[in-house]
Amino acid sequence: MSTKIKYLLRDGFLCLVMASAFIIGVSFLVVNLSIFDPFTKAFKDFSFFDIYYSEKLNETTLSDKVILVNVEQGDRFQIQELLRHIQDQNPKVIGLDIIFKGEKDPFVDSLLQIQLEKDNVVRAKAYVEGKWNYDFGNTQKKLDNTGYTNINFGSEETVIREFQAFHRIGDSLHASLAATVVSKYLENNWPEEEIQKKLSRQQPINYTGNLDAFLNFSYDECMSLESIPAMEGKIVLVGYLGYPHQSPTDIEDKFFTPLNPVSAGKGIPDMFGMVIHANIIQQILDENYFWEVPAWVDYLTALSLTYFGIVFFIWISVNVPAGYALYVKISQLGVTVLFLWLTFALYNKKIIFEPEHSIAFFVIGMEFIELYEVIAHKLNKKYQWKSYYHD
Amino acid sequence: MEKLLSRLRFLLILFPLICNAQSKYAVFEVKGSPIHTEASKKGTLTKGAVVRAGEVSLKNEDQLTLLNNKGEVFQLKSPGKYAVSNFEKYKMNEDKEGFSSKYFAYVWREINSEENTKTNTGNIYRDGLIDILISPADSISTYMNKVVFTWAPIEKASAHYFFLKENATNSITKMKVEGDSLTLFVGGNLLKKGNVYSWGVSNEEYPDFTRIKMNQLNYLDKNTYDTKKAELDSFVKNLRKLGLSEKEITEKLCTYFKFCE
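Those sequence lines, one after another, are chains A and B.
Residue 3 is where the first sequence starts when you use the working numbering, and the numbers rise one by one after that.
Residue 1341 is where the second sequence starts when you use the working numbering, and the numbers rise one by one after that.
Hints are computed from structural coordinates only; laboratory data are not their basis.
Some hints here could point you the wrong way.
[Said to hold, decoys possible] Straight-line C-alpha distance at most 27 Å; calculated DSS-like pairs for lysine-lysine: (1) B:Lys1442 with A:Lys58; (2) A:Lys58 with B:Lys1431; (3) B:Lys1417 with B:Lys1382; (4) B:Lys1364 with A:Lys94.
Bound conformation, chain B alone (with noise of 0.2 Å):
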């Protein structure tokens, strides 16, 4: 009998565990960077993670779709926070609209021959190419000892991806950036004076590079540089005769020559 008591009150502490037990859901889709907190870790949500417990809080236009063990799915939409034990109430609608409506919606549709009628467009699309870069701008030419790459930030990216290619050989090298500018120096395997280079940025690590503008970069060795210089001499000497200061003419020579010092 005691033994049989002691089997009950096991049971018994058993119950509400396995009541409890938590549910698992799976991130099927998601928008923006909605934020998952579980004890003390704290992290962004990507496609593919679990969650067990803890909460999920999400801003303005952050959006999640999950997926729990039965294959029912859950979907918040709105900004703020929800905890994990709560995802329950945030099942999304069955499709409430019965198999006959449908049906007969449909055929309402045939009858009435809607939907029958097409627009053709016989023409193709690009979309319009990712131009972030600021400087240095497309095809300059430059002798400088250091080149500063800037960029527009990409809006929401964590990190930039820098391509530099070297036109001749056909090779890129990528680099990873937290911020909107990198400084290259001369030498090394990098930058070398004589080559021509093409740059961008993308925020993806993988890009589609017929989807992003890539700025030359003509850097010139000394003998060009010198010739190139020599070219522009009277047209720098009218310059100075009309006024302008070094800094204006080398902003003029830049802009209009490509030609930056």
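Bound conformation, chain A alone (with noise of 0.2 Å):
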């Protein structure tokens, strides 16, 4: 190897070293510095996926297992009765998003009580501020018809791109609303210990849709229909998905996603509770789960693509001084482009990729090749130290 393409490669090697240098430093102060809050603040909640769902680059299709009821403004009494009339159409499960806490009128709640027990039903729970919240006449609290409505704890993300099934709390495991309508479902015979492990961990949701993707019915359609032959044999879920029916501007139990069409800025929330949990059920029906590239990969690529692109960069600098600037720049949106293409290509093959990293240390570090030939031009003069540029 000759001496010049020695210190070419040491050159890309030490410009490298300044251009991380500077990066861990600016993370660093963006995180740690308080000062900085609005800026991470507007970034946490960013991701390059949430482009793939808003931008519709996902198939859409439909869901064929599970189908919505919203309750709207029922009291008590029209839910037992809405749930009598589903419980008619013969559905395999009725997953409850709803949760009666306290007791109210003995009567009514003992109408309620006895769709509730029903075992085709699953009852909703929810972990709130360190102490869980049932329906008034969940007395026996069994884990097997009982799921919870929290889709992820401890999250500081407010888009809900993730959930977690299974869930330890103490000694008990505890499934969440969609695991154990489909445990339901499937006749107990889920989950395997293997996906259980795995679901006890955040996973991603993989989106069917939103409410147009199901099958859905407002409170008066459902009981004005005296049969509904699609509902025998399906997932039924029973919560809340606005008043009147699908309003857009109704945001009680409604949530940002990924398929909010603003992905960055703000918005309003897209997606009501039950329909996250329907896509869950779906996702999980459908054994779609993803993949997610291990971390060191990320850094792996985000550094020898870097590397290889300094290397590349300087000896343009060197050779073609002229074009140097604006190849610097149509690399830099030329990568920026492609890698996102190849994320969301592995995405859509159920590989998560997380490109941020080899975005920007390719970005920040095609920006320190000018910076690195005037330190190595001063080192030069003061030195005589050997360069690339001095050889």
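Reconstruct the complex from the two isolated chains, following the hints.
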């Protein structure tokens, strides 16, 4: 290997070290200094994967297994009538995304309790501020017919991108509403130990779609139809989908998801909690899980791409100086676009690769070439330090 | 050998049956009133219905979206008759635009800064009331022993729901009516003289009352009726002098003084 090439490779490495030190330093400052809080918070809720859903790069499908029914502003009496009507349609499982906290009218409560205690009904509970909230009559608190409605635990993100199907609190392993519904639907042949272990960790949600991806009924629609054969043998989730039905301006039990058309900046919540549970159920039934590329692969890709980029552009800066600035800008744009394409293409194949590190390292690394050249010239002038620029 | 042949024969008989196993289609979305006919049964398809065989007929503005057991979507949009066995032909076009072309179209839009501008309007909308009521007109006073309520029928509504609210108690009576009028007679629990009522009509059993026009009806008792009549007596005499017939005078009183006899 000639000395010139040795210098080129060494210079590339030193420039990469400089750029990395800068990136690490800035990241440290951004994360730790409170003055940067708004900046940090603005980026905390952003993920490139949101573009994948908001721009509808995924294939659109409809759910054939989960049906949603809206209770709107119905009182307990109306809800028990609704449940009785749904039971008449012979669904395999009814999942309730409602917690009837505390007793109200003894007569109406007893009618409701009859419906809630049916074998195919999965009741909701919620873990809030260190304690469980249950229905008024859920005295047995059985783990096999009560699922938690928490989508995740201790998440700092506002956008719902992940779920946790199983969660251990103390000695008990609790299952989510979605996991309990699936378990009943598959008649307790689920989950296998391996799946349970996997779903005890946060998993990315593979969204089927918003409300329009599921057969859904308003309270009146459901009650006015004498028979709804589509419900037979299916999962029927009962909960809140806005009042009036599907109201886009009603934000009760509504969350931000990657499907929000506004992927960055301020918007309004786009998905009702029950639709998120329906998406999770559909994902579990379809066994559509993601595989995440380990973080070390992300960093290795970022560092090697940036290193070869720096080496190439140092060579360009010396040999084709006229076009250097233009080529650098084009490469920064090109690498960003291509890396996002690669990320989404992998996501399409259920592989999660985080492109942020590679894009950030490459773009900033390219900007450091000129600074490195200035430093190399100064060192050469003062200490006769040899580099690719002087050999 | 004979046993083997008989088993083979059995399988040969079953084979076409297995091949022709009926597909099941659930109605996912429906616009208008598509009709499903199977053998001698005929009925309108509603959301959540399941069709296995027979024929579906669509009129002018009818549309039907169906879903099969595999999650495939089928869409019938044009008027006509469709055999259920031929639904496969109407499979909704899968997204033909590939992932890459969608992605680069997005990049192009971002580079061109398309869709980046917004027009913000700082106001709210209140939809117009559904006003189909004909008579009695709003805020009229009457003493008649029977009240005929009439309205313009709502297009494509199979039935109308008549709502009568007693304003003092806020109690609402609901009646399903298959037509465009309803006559109520004084007495019983429904209409009592001396009460003020509001009435309205909807094609929904549980309507949004904020969107329905309700007419007020002042159902006068004898004393109020006599007082009101006495107040208008001189006006009635003047109209008589002008040569108006009794029928014309009654109409004028009803139109201008909201006093309908």
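Comparing the hints with the structure gives:
Straight-line distance between C-alpha atoms of B:Lys1442 and A:Lys58 comes to about 8 Å, which keeps the hinted pair within the 27 Å bound. Proposed proximity of A:Lys58 and B:Lys1431 is supported: the alpha carbons are some 20 Å apart, at most 27 Å. As the CA atoms of B:Lys1417 and B:Lys1382 are separated by approximately 20 Å, the hinted pair is consistent with the 27 Å bound. For the proposed pair B:Lys1364 and A:Lys94, the alpha carbon gap of about 17 Å is at most 27 Å, so the pair holds.
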